[in-house]
Amino acid sequence: MTVMTRALLTPVLRTLPWRALAGGGATALLLAGIPRMLSGAPDPWLGLISLRGAALALALGLAFLLDDPARHITSAVPVRRPLRVGLRVALALPGAALCWTAAVFLVPEEARPPVGALTLEAIATAVFALASAALIIQRSTATEPGVAVSTGLLSTAAAAFLLLPDGWALLVSPDDPRWTDTHERWAMLLTVALAVGTRACVEPLRAWRLGSFRGRAQQAAPL
Amino acid sequence: MSDLPTTPTVSASGLTLRYGGTAALDDVSVRLGEGVTGLLGPNGAGKTTLLRVLATAVPPDKGAFTVLGNDPGTTAGRQEVRRALGYLPQAPGFHPDFTAFEFVDYVAILKELTDRTARHREVRRVLDDVALSDVRGKRIKKLSGGMRQRVALAAALVGDPGFLVLDEPTVGLDPEQRMRFRELIARAGEGRTVLLSTHQTEDVAMLCHRVIVMVRGRVRFEGTPAELTARAAGRVWSSTERDPGAWAGWRTGTGSFRNVGEPPKDADLVEPTLEDGYLLTLDGEASEVAAA
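Same order as they appear, the protein sequences are chains A and B. Oh and the first sequence: position 76 is 113 in my numbering, straight run, nothing missing. Oh and the second sequence: position 255 is 1037 in my numbering, straight run, nothing missing.
Keep in mind that the hints were calculated from the coordinates and are not lab data. None of these values were measured; they are calculated from a predicted model. The C-beta atom is built at its ideal place from N, Cα and C for all residues, glycine as well. Be careful, since some hints might not be right.
[Unchecked claim] Just a sample of chain A residues kept apart from chain B, beta carbon distances all over 12 angstroms, derived:
(1) Leu-46
(2) Arg-108
(3) Pro-115
(4) Leu-201
[Said to hold, decoys possible] Cβ pair distances, simulated, as ranges:
(5) A:Thr-39 - B:Thr-899: 15 to 23 angstroms
(6) A:Gly-153 - B:Asp-942: 34 to 42 angstroms
(7) A:Val-239 - B:Lys-920: 55 to 63 angstroms
(8) A:Leu-75 - B:Thr-899: 56 to 64 angstroms
(9) A:Thr-193 - B:Thr-798: 55 to 63 angstroms
(10) A:Thr-39 - B:Arg-921: 26 to 34 angstroms
(11) A:Leu-50 - B:Asp-897: 19 to 27 angstroms
(12) A:Arg-51 - B:Gly-973: 33 to 41 angstroms
(13) A:Val-184 - B:Arg-921: 57 to 65 angstroms
(14) A:Val-229 - B:Asp-942: 40 to 48 angstroms
(15) B:Asp-942 - A:Arg-51: 22 to 30 angstroms
(16) A:Arg-51 - B:Gly-954: 20 to 28 angstroms
(17) A:Arg-51 - B:Arg-907: 19 to 27 angstroms
(18) B:Thr-1036 - A:Val-239: 29 to 37 angstroms
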């Protein structure tokens, strides 16, 4: 850990949107606990829906992770943005992972869907939320994209459930023959979201075209 | 337009930046030297965009600039510019649960002041400079608007930057707070380059040794405040009735009308102010820009 990372650790920890993160985590646990709360035989369908709901709730909380009301004051500082964003993600990650693990174990084993596949869905949803927030920050002057991202995420989830054609379905049950194909699409979605998110974290607003000023800066001097 | 800085610390040429079909900056060339330079212009003139470009918060589409000899078009150059920069944005936001000290300390870390003892000394120094020492342990959400602006100024001043970019720092302050802020900016301008965007011509008249007027993304005037005022010489007159031929006219506290424009013959000419010069430089653009 560099000296800079160590120095930033405490203040960045304090700038995290803890209420939104805790809200997302608590809702996720609550949703995952539904099958256990309901009496009767364990229902795999209910287990699947509960875990998907938990994944969405976690992602909704993480959508606020990049909210930074002081963004404009800190927009032109020498410490690079990827480090600051990376630190925020790294600080939130253990809590999110712990919460997801707890959510998985809250669902009774008999009702639990394949954990690996559902974890892939949860990671892709969370990365999609974070990439959307990073993209909004890169493309606008918004300081707190969380509300817009969470609204968009809810709409996207509803659209994915209701509108996607069979060939593009994302939300199918484990006994569906499309289960494997669907999770290949989830993996693809995760890859794209990771690439977009990483690219959007390079610089706030639009990216500087590196080297584009070389030489021309010299022309500016003798005005 | 005399008195251009012979050794500019900030030099920009042909800066152009478009948002969709609108040119926020259209071939802007400026050069700034030590001291406070005022940036005037109506809403939508491109002042904030120019400041954000010079603060490296947003890259231009075209053009080039250097800050203290560094080219922000390269990664290393941009880092150097940011090390030499203090930026107070328009409507700065804060983490409300931080105290004034903690917030400035956070910005100091982001400015690469990693040595805790030296950094805390520097934070105390800037908080003292902006007269916030007494409330440094108070949470920002408990501070008044004027105090918050001073926290933002302290954050800009931390690390002793050579180039200070201030975007409308006196907006929303009461007259006493504005006067105090002027004092701070004047002091900050000693030995460094300050670019101050404002709607207040009094700020420019009292603080700035140079002034730039922007309209529709272009520089319309660059010179000294005296030169801007001189533009209105012989074009401001007093009358007992509102003069319909005046470009602008208003009733003053004495009951007479102050008119700005092309005076009629035998007009009772009065001493122009910087504001008169500014209004005549806009020449009707302000209302057009506002309407757009």
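We went through each hint and held it up to the structure:
Its closest Cβ contact with chain B, about 10 angstroms, brings A:Leu-46 to no more than 12 angstroms, contrary to its assignment away from the interface. Non-interface status of A:Arg-108 relative to chain B is broken: a Cβ of that chain comes within 12 angstroms, the nearest being about 7 angstroms off. For A:Pro-115, the condition that its CB be more than 12 angstroms from all CB atoms of chain B is violated, with the nearest at approximately 4 angstroms. Interface exclusion of A:Leu-201 from chain B stands, the closest Cβ pair being 32 angstroms apart, more than 12 angstroms.
For the pair A:Thr-39 and B:Thr-899, the beta carbons lie near 19 angstroms from each other, so the given range of 15 to 23 angstroms is met. At roughly 54 angstroms, the beta carbons of A:Gly-153 and B:Asp-942 sit outside the given window of 34 to 42 angstroms. The beta-carbon spacing between A:Val-239 and B:Lys-920, approximately 36 angstroms, falls outside the hinted interval of 55 to 63 angstroms. One distance hint, 56 to 64 angstroms for the beta-carbon pair A:Leu-75 and B:Thr-899, holds here, with the actual separation near 59 angstroms.
At roughly 36 angstroms, the beta-carbon separation of A:Thr-193 and B:Thr-798 lies outside the given 55 to 63 angstroms, and the hint is violated. The hinted range of 26 to 34 angstroms is satisfied by A:Thr-39 and B:Arg-921, whose Cβ atoms lie roughly 30 angstroms apart. A beta carbon spacing of about 20 angstroms between A:Leu-50 and B:Asp-897 agrees with the range 19 to 27 angstroms that was offered as a hint. In this structure, A:Arg-51 and B:Gly-973 meet the distance hint of 33 to 41 angstroms, their C-beta atoms being roughly 34 angstroms apart.
For A:Val-184 and B:Arg-921, the Cβ-Cβ distance of about 24 angstroms falls outside the hinted range of 57 to 65 angstroms, so the restraint is violated. In this structure the hint that A:Val-229 and B:Asp-942 lie 40 to 48 angstroms apart at CB holds, the actual value being about 44 angstroms. Under the hint 22 to 30 angstroms, the C-beta atoms of B:Asp-942 and A:Arg-51, about 26 angstroms apart, fit the expected range. Distance hint for A:Arg-51 and B:Gly-954: a CB-CB separation of about 27 angstroms, consistent with the stated range 20 to 28 angstroms.
A hinted range of 19 to 27 angstroms holds for the C-beta pair A:Arg-51 and B:Arg-907, which are about 23 angstroms apart. For B:Thr-1036 paired with A:Val-239, a C-beta distance near 60 angstroms fails the hint of 29 to 37 angstroms.
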